[in-house]
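Letter 70 of the sequence shown, counting from 1, is numbered 120 in our numbering, and no numbers are missing.
Take these hints with a grain of salt, some might be off.
[To be verified] Distance ranges between label pairs, derived from CB positions:
no.: 1; residue 1: 229; residue 2: 278; range: 25 to 35 Å
no.: 2; residue 1: 334; residue 2: 280; range: 43 to 53 Å
no.: 3; residue 1: 278; residue 2: 252; range: 15 to 25 Å
no.: 4; residue 1: 268; residue 2: 168; range: 41 to 51 Å
no.: 5; residue 1: 299; residue 2: 274; range: 36 to 46 Å
no.: 6; residue 1: 335; residue 2: 120; range: 29 to 39 Å
no.: 7; residue 1: 181; residue 2: 307; range: 20 to 30 Å
no.: 8; residue 1: 162; residue 2: 383; range: 24 to 34 Å
[Said to hold, decoys possible] Taking lysine to any residue and the SDA-like style, the derived pairs with C-alpha atoms no more than 20 Å apart in a straight line are:
no.: 9; residue 1: 188; residue 2: 238
no.: 10; residue 1: 188; residue 2: 222
no.: 11; residue 1: 238; residue 2: 248
no.: 12; residue 1: 188; residue 2: 160
no.: 13; residue 1: 238; residue 2: 169
no.: 14; residue 1: 238; residue 2: 108
no.: 15; residue 1: 188; residue 2: 204
no.: 16; residue 1: 188; residue 2: 127
no.: 17; residue 1: 222; residue 2: 264
no.: 18; residue 1: 188; residue 2: 175
no.: 19; residue 1: 188; residue 2: 151
no.: 20; residue 1: 188; residue 2: 126
no.: 21; residue 1: 188; residue 2: 213
no.: 22; residue 1: 188; residue 2: 248
no.: 23; residue 1: 222; residue 2: 175
no.: 24; residue 1: 188; residue 2: 131
no.: 25; residue 1: 188; residue 2: 150
no.: 26; residue 1: 238; residue 2: 151
no.: 27; residue 1: 238; residue 2: 195
no.: 28; residue 1: 222; residue 2: 265
no.: 29; residue 1: 188; residue 2: 167
no.: 30; residue 1: 188; residue 2: 129
no.: 31; residue 1: 188; residue 2: 169
no.: 32; residue 1: 238; residue 2: 208
no.: 33; residue 1: 238; residue 2: 210
no.: 34; residue 1: 238; residue 2: 160
no.: 35; residue 1: 188; residue 2: 205
no.: 36; residue 1: 188; residue 2: 148
no.: 37; residue 1: 238; residue 2: 276
no.: 38; residue 1: 222; residue 2: 205
no.: 39; residue 1: 222; residue 2: 190
no.: 40; residue 1: 188; residue 2: 236
What the hints contain is simulated information worked out from the structure, not anything from laboratory work.
Backbone N, C-alpha and C fix where the C-beta goes; we use that ideal spot for every residue, glycine too.
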Amino acid sequence: MRCYWHVASVVALASALTLSASRGAFAQTPAEFEGTQISGWTFTPGVIVSTIFDNNVALAAEFPTRPETQGDQLLLIEPFGQFEFHGPRTTFESSYRGYLRRYMDLDELNGFDQRGQVSIRHRATRHLTLFLNNAYMKVPTTDELELNGVLFARTGSRTNTLGGGMESRLSKYMDLNVRYDLTWVDFKRVNTLLRSGFTNGVRAELARRLSDRSALGAEYAIRFATLDAGSRNLTFQDVGATFRYDTGPHTSLDAAAGVSHLIDQSTNITHTGPYVRIGITHQMERATVGASFSRSLLPTFGFGGSSQSEAFHGFVRMPITRNRMYVQQSVSWRRSNPLDPTILALDSWWLRSTMGYAVSRWVRLEGFYAYTRQDSRVPGGLVNRQRVGVQFVFAQPMRIQ
Numbered sequence: 051m052r053c054y055w056h057v058a059s060v061v062a063l064a065s066a067l068t069l070s071a072s073r074g075a076f077a078q079t080p081a082e083f084e085g086t087q088i089s090g091w092t093f094t095p096g097v098i099v100s101t102i103f104d105n106n107v108a109l110a111a112e113f114p115t116r117p118e119t120q121g122d123q124l125l126l127i128e129p130f131g132q133f134e135f136h137g138p139r140t141t142f143e144s145s146y147r148g149y150l151r152r153y154m155d156l157d158e159l160n161g162f163d164q165r166g167q168v169s170i171r172h173r174a175t176r177h178l179t180l181f182l183n184n185a186y187m188k189v190p191t192t193d194e195l196e197l198n199g200v201l202f203a204r205t206g207s208r209t210n211t212l213g214g215g216m217e218s219r220l221s222k223y224m225d226l227n228v229r230y231d232l233t234w235v236d237f238k239r240v241n242t243l244l245r246s247g248f249t250n251g252v253r254a255e256l257a258r259r260l261s262d263r264s265a266l267g268a269e270y271a272i273r274f275a276t277l278d279a280g281s282r283n284l285t286f287q288d289v290g291a292t293f294r295y296d297t298g299p300h301t302s303l304d305a306a307a308g309v310s311h312l313i314d315q316s317t318n319i320t321h322t323g324p325y326v327r328i329g330i331t332h333q334m335e336r337a338t339v340g341a342s343f344s345r346s347l348l349p350t351f352g353f354g355g356s357s358q359s360e361a362f363h364g365f366v367r368m369p370i371t372r373n374r375m376y377v378q379q380s381v382s383w384r385r386s387n388p389l390d391p392t393i394l395a396l397d398s399w400w401l402r403s404t405m406g407y408a409v410s411r412w413v414r415l416e417g418f419y420a421y422t423r424q425d426s427r428v429p430g431g432l433v434n435r436q437r438v439g440v441q442f443v444f445a446q447p448m449r450i451q
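Could you put together the complete structure from these sequences and hints?
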């Protein structure tokens, strides 16, 4: 097997709405590299070197008598690699990144974090596609996770998200999509208000295409949550309708609405309420923009129960292939209202902004800003964190034959 350097464009990715997801170990938009889309095997090694100022390294709450928080400068080195394959029927992508943190003053906060992910998509037949993906993340603070109902704290956290399923066409007009998800979260038990555990469930959608642009369907989902070493067990069921519409060749709209039903086996409490989600994406020549909103019943890792959650996410992506200078931005908001009135409600914000310049095909310079905020609506319950920095990104895809 021989390797040779292949000149390919690289793209910075913005965070999108997933669970899941897969978020970076630092709150700036991850300087990932989009798949090269080159046939065969490709490997992309690289390193990112950043200098960052963090104005609230401990994620301390603000008090009227003590509004200031402790900040520090740090150096972040991120070695990474991406390995991918593109074939006529199969696409495989995997990546790994390490985060070596070195603070100027607070040496006790130095550490090493990491994340990795792998995904495979295979078109088994003309009418059936199978997919599988997994993402692992180890981070030093809980605000990096963006999970429902989790208090912001400097507590080490690990999470893994596994998903898989199928997309099938049953007939000329009918489609059936099925997906299974398993999410596992583990906290260092420094903060007793954080509950480790896992959730898993299946979602199925049967849709009928009304035209080339629109489809109407029905969905059913069931999820099981096991929290706090099995002391809390919950079951969630959703039944509703789905709708998809393409307003044009570059704009798509997705919506769903229905009824959620919760059973808390540990307390024998049940709750029924509506759920809704809607999202829109528009692709322009030099940018892609999108926004989404959802309201649903969700398990809460923060206190080991359940809550009525509302969430909004918006993003702007500008690919380097069309923009030597580019901007990547995302904003997320989540409100968690626990069904137990004795538990704190949380309003959380995440803002990430990156401005970059491609110095060459394998080097780019980026400046970034990240802001996280959480308010539990009680005295001493407001946490603000801002990070600003500059980073150099070095990477060069290699094609393998």
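So, going through the hints one by one against the coordinates:
1. 229 to 278: 25 to 35 Å: Holds - the Cβ-Cβ distance for residue 229 and residue 278, about 26 Å, lies within 25 to 35 Å.
2. 334 to 280: 43 to 53 Å: holds (49 Å)
3. 278 to 252: 15 to 25 Å: Hint holds: Cβ distance 23 Å, inside 15 to 25 Å.
4. 268 to 168: 41 to 51 Å: 32 Å Cβ-Cβ, so the 41 to 51 Å window is violated.
5. 299 to 274: 36 to 46 Å: holds (40 Å)
6. 335 to 120: 29 to 39 Å: With a Cβ separation near 45 Å, residue 335 and residue 120 fall outside 29 to 39 Å, so the hint is violated.
7. 181 to 307: 20 to 30 Å: holds (26 Å)
8. 162 to 383: 24 to 34 Å: holds (31 Å)
9. 188 to 238: With Cα atoms ~11 Å apart, residue 188 and residue 238 stay inside 20 Å; holds.
10. 188 to 222: violated (45 Å)
11. 238 to 248: holds (15 Å)
12. 188 to 160: holds (14 Å)
13. 238 to 169: violated (28 Å)
14. 238 to 108: holds (15 Å)
15. 188 to 204: holds (13 Å)
16. 188 to 127: It holds: about 16 Å lies between the C-alpha atoms, which stays within 20 Å.
17. 222 to 264: holds (14 Å)
18. 188 to 175: Roughly 37 Å between the alpha carbons, so the hint for residue 188 and residue 175 is violated.
19. 188 to 151: holds (13 Å)
20. 188 to 126: Holds, at roughly 15 Å.
21. 188 to 213: At roughly 18 Å apart (the allowed maximum being 20 Å), residue 213 and residue 188 satisfy the hint.
22. 188 to 248: Status holds; Cα separation ~16 Å.
23. 222 to 175: With a Cα-Cα distance of about 15 Å, the restraint between residue 222 and residue 175 holds, given a limit of 20 Å.
24. 188 to 131: Answer holds: residue 188 to residue 131 is near 17 Å, not above 20 Å.
25. 188 to 150: Since the Cα atoms of residue 188 and residue 150 sit roughly 12 Å apart, the hinted pair holds (cutoff 20 Å).
26. 238 to 151: Since the Cα atoms of residue 238 and residue 151 sit roughly 19 Å apart, the hinted pair holds (cutoff 20 Å).
27. 238 to 195: holds (14 Å)
28. 222 to 265: Holds: residue 222 and residue 265 sit about 12 Å apart, inside 20 Å.
29. 188 to 167: At roughly 12 Å apart (the allowed maximum being 20 Å), residue 167 and residue 188 satisfy the hint.
30. 188 to 129: Judged against 20 Å, a Cα distance of about 15 Å means the pair holds.
31. 188 to 169: holds (19 Å)
32. 238 to 208: holds (9 Å)
33. 238 to 210: Holds, at roughly 15 Å.
34. 238 to 160: holds (17 Å)
35. 188 to 205: holds (11 Å)
36. 188 to 148: Given pair residue 188, residue 148 holds - Cα atoms ~10 Å apart, limit 20 Å.
37. 238 to 276: holds (17 Å)
38. 222 to 205: violated (52 Å)
39. 222 to 190: violated (50 Å)
40. 188 to 236: Satisfied, since the Cα-Cα distance of roughly 10 Å is no more than 20 Å.
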